[in-house]
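Protein chains in written order, with my numbering: chain H, 390 to 581; chain A, 8 to 302.
Calculated directly from the structure, the hints in this document are not laboratory data.
Keep in mind that a hint or two might mislead.
What the hints assert, rightly or not - What follows is a set of in silico ranges between Cβ atoms, one per label pair, in the way DEER data are often shown:
| id | chain 1 | residue 1 | chain 2 | residue 2 | range |
| --- | --- | --- | --- | --- | --- |
| 1 | A | Pro200 | H | Asp537 | 49 to 55 Å |
| 2 | H | Ser568 | A | Gly177 | 27 to 33 Å |
| 3 | H | Arg548 | A | Thr183 | 38 to 44 Å |
| 4 | H | Gly536 | A | Arg286 | 57 to 63 Å |
| 5 | H | Ser520 | A | Glu206 | 25 to 31 Å |
Note that the structure is predicted; figures quoted are calculated from it, not measured.
Using N, Cα and C, we set each Cβ at its ideal position, and we do this for glycine too.
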Amino acid sequence: MKIGVLALQGDFAEHIAILKRLKVQTIEVRLPEHLKGLDGLIMPGGESTTIGKLAVAYNLMEPLRAFGQRHAIWGTCAGAIFMSKDVSRNQPLLGLMDITVERNAFGRQVDSFEADLDIPELMQATGTKDSYHAIFIRAPIIESVSGDAKILASVADGRIVAAQQGHLLATSFHPELTSDTRFHEYFLSLAD
Amino acid sequence: MEQQTGTFAVKKGLAQMLKGGVIMDVVTPEHARIAEEAGACAVMALERVPADIRANGGVARMSDPDLILKIMDTVTIPVMAKCRIGHFVEAQILEAIGVDYIDESEVLTPADEANHINKHLFKVPFVCGCRNLGEALRRVGEGAAMIRTKGEAGTGDVVEAVRHARAVLGDIRRLTTMADEELMAFAKELGAPYELVKETKELGRMPVVNFAAGGVATPADAALMMQLGVDGVFVGSGIFKSGDPARRAAAIVKAVTHYQDAGILAEVSKNLGEPMVGRNVSQMPEAEKIAGRGW
Numbered sequence: 390m391k392i393g394v395l396a397l398q399g400d401f402a403e404h405i406a407i408l409k410r411l412k413v414q415t416i417e418v419r420l421p422e423h424l425k426g427l428d429g430l431i432m433p434g435g436e437s438t439t440i441g442k443l444a445v446a447y448n449l450m451e452p453l454r455a456f457g458q459r460h461a462i463w464g465t466c467a468g469a470i471f472m473s474k475d476v477s478r479n480q481p482l483l484g485l486m487d488i489t490v491e492r493n494a495f496g497r498q499v500d501s502f503e504a505d506l507d508i509p510e511l512m513q514a515t516g517t518k519d520s521y522h523a524i525f526i527r528a529p530i531i532e533s534v535s536g537d538a539k540i541l542a543s544v545a546d547g548r549i550v551a552a553q554q555g556h557l558l559a560t561s562f563h564p565e566l567t568s569d570t571r572f573h574e575y576f577l578s579l580a581d
Numbered sequence: 008m009e010q011q012t013g014t015f016a017v018k019k020g021l022a023q024m025l026k027g028g029v030i031m032d033v034v035t036p037e038h039a040r041i042a043e044e045a046g047a048c049a050v051m052a053l054e055r056v057p058a059d060i061r062a063n064g065g066v067a068r069m070s071d072p073d074l075i076l077k078i079m080d081t082v083t084i085p086v087m088a089k090c091r092i093g094h095f096v097e098a099q100i101l102e103a104i105g106v107d108y109i110d111e112s113e114v115l116t117p118a119d120e121a122n123h124i125n126k127h128l129f130k131v132p133f134v135c136g137c138r139n140l141g142e143a144l145r146r147v148g149e150g151a152a153m154i155r156t157k158g159e160a161g162t163g164d165v166v167e168a169v170r171h172a173r174a175v176l177g178d179i180r181r182l183t184t185m186a187d188e189e190l191m192a193f194a195k196e197l198g199a200p201y202e203l204v205k206e207t208k209e210l211g212r213m214p215v216v217n218f219a220a221g222g223v224a225t226p227a228d229a230a231l232m233m234q235l236g237v238d239g240v241f242v243g244s245g246i247f248k249s250g251d252p253a254r255r256a257a258a259i260v261k262a263v264t265h266y267q268d269a270g271i272l273a274e275v276s277k278n279l280g281e282p283m284v285g286r287n288v289s290q291m292p293e294a295e296k297i298a299g300r301g302w
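With the hints as constraints, model all of the structure from the sequences given.
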């Protein structure tokens with residue numbers, strides 16, 4: 390299996406390091422031709438405005454939308470924003486998932502946090518019982534899911550922080566910043 | 008399901024989100040808008056860019072919180088601000104207004120000539136400058152969650168940033184080939200905490216994100232720093248002291264993403280207008296250099 394990581398800006402190296410630990414072949418994606426032959430794509434954390442502008446400048450928008458029709462894509466934080474249909478402000482979005490997102494929904498950096506989440510699908514898929522320790526950095530929330538999109542995880546107050554729509558995955562937290570590889574394993578099962 | 012804020016993972020994590028990006032100095036909300044529009048991953052809000060701090064002389068201090076707040080209201084990307092070295096009350100004020108990162112910066116006039124701020128005491132993360140690995144790891148030991156080279160700010164001359172990046176990355180390369188029993192002597196030589204020297208060896212890189220700063224003025228300068236091995240780039244005076252800031256800013260953003268693609272670098276380097284005038288560091292009197300501030 391060959392997984393691409395969108396490397397326009399953000400913590401793509403952290404995703405690649407985890408994929409390497411899982412013995413998966415990886416490639417950095419900066420231009421449309423880098424998508425050829427991939428079984429799945431991860432869009433990392435970073436600044437969604439920066440990533441969107443660079444994707445537009447290098448003609449990646451349509452190739453990414455086409456890729457998402459047939460292959461698994463997972464967006465973490467900025468990547469999740471980029472996957473969404475609406476963020477209540479004007480910036481480039483792929484609109485691949487039927488979710489709307491609120492950026493920086495928990496506040497500024499001093500409000501960034503760590504928390505344990507219960508994610509039944511993840512535990513079931515990986516055959517584990519431990520809750521998932523998630524890191525949220527100036528994180529967005531998924532305001533609403535519609536159509537085929539399903540809620541995967543919420544924080545204690547009920548706000549949605551992970552969603553799935555078929556082979557498409559969005560998390561507002563950063564599994565790539567932890568040593569827990571379960572989320573990456575879960576994504577690989579969607580890409581297979 | 009308790010939520011913990013201000014942890015080191017969260018502080019370091021924001022710097023990880025900035026990787027592969029460009030952080031731009033801005034002095035007005037209008038500049039901030041231009042920077043965000045050009046694709047900056049964060050802005051540094053300040054009253055004067057380093058080139059003007061040099062020109063004006065006198066004591067350079069933290070910027071007016073009202074200006075920083077106006078810039079925070081203007082953009083959705085993270086906003087950083089500078090405090091003086093050792094001036095922990097300026098840092099408390101910046102934390103109170105909610106900036107996303109504090110730069111404890113040699114560009115401002117130092118408030119303490121022996122000690123830096125104890126950065127572990129803050130929820131807001133700090134970035135600090137360095138000239139070598141020892142200085143970098145001393146700052147991490149004090150709680151810095153991100154490191155940048157000092158370079159020589161406000162000159163438009165990249166030579167010092169190159170010197171400092173080579174010093175840091177060269178020392179890391181040496182460290183990775185050392186036997187474990189050599190680490191204590193190396194820690195002593197660097198003047199750095201032993202545990203962090205050991206961690207750096209194990210990781211094969213700095214334990215926190217490492218940007219270049221101080222003298223970057225062109226897309227080629229930015230790509231040079233990236234190819235040397237830094238995680239991203241700060242551009243201070245280089246953008247808004249140039250002829251066409253919006254165009255140059257967007258070009259530097261593209262150069263950092265496509266830093267290994269000479270064809271794209273050639274494309275983005277075209278027709279950028281006048282670069283900042285710049286000052287040659289090798290002809291500058293020692294007393295005018297600011298990289299020596301910090302201990």
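Here is what the structure says about each hint:
no., hint, result
1, A:Pro200 / H:Asp537: 49 to 55 Å, "holds, 52 Å"
2, H:Ser568 / A:Gly177: 27 to 33 Å, "holds, 29 Å"
3, H:Arg548 / A:Thr183: 38 to 44 Å, "holds, 43 Å"
4, H:Gly536 / A:Arg286: 57 to 63 Å, "holds, 58 Å"
5, H:Ser520 / A:Glu206: 25 to 31 Å, "holds, 28 Å"
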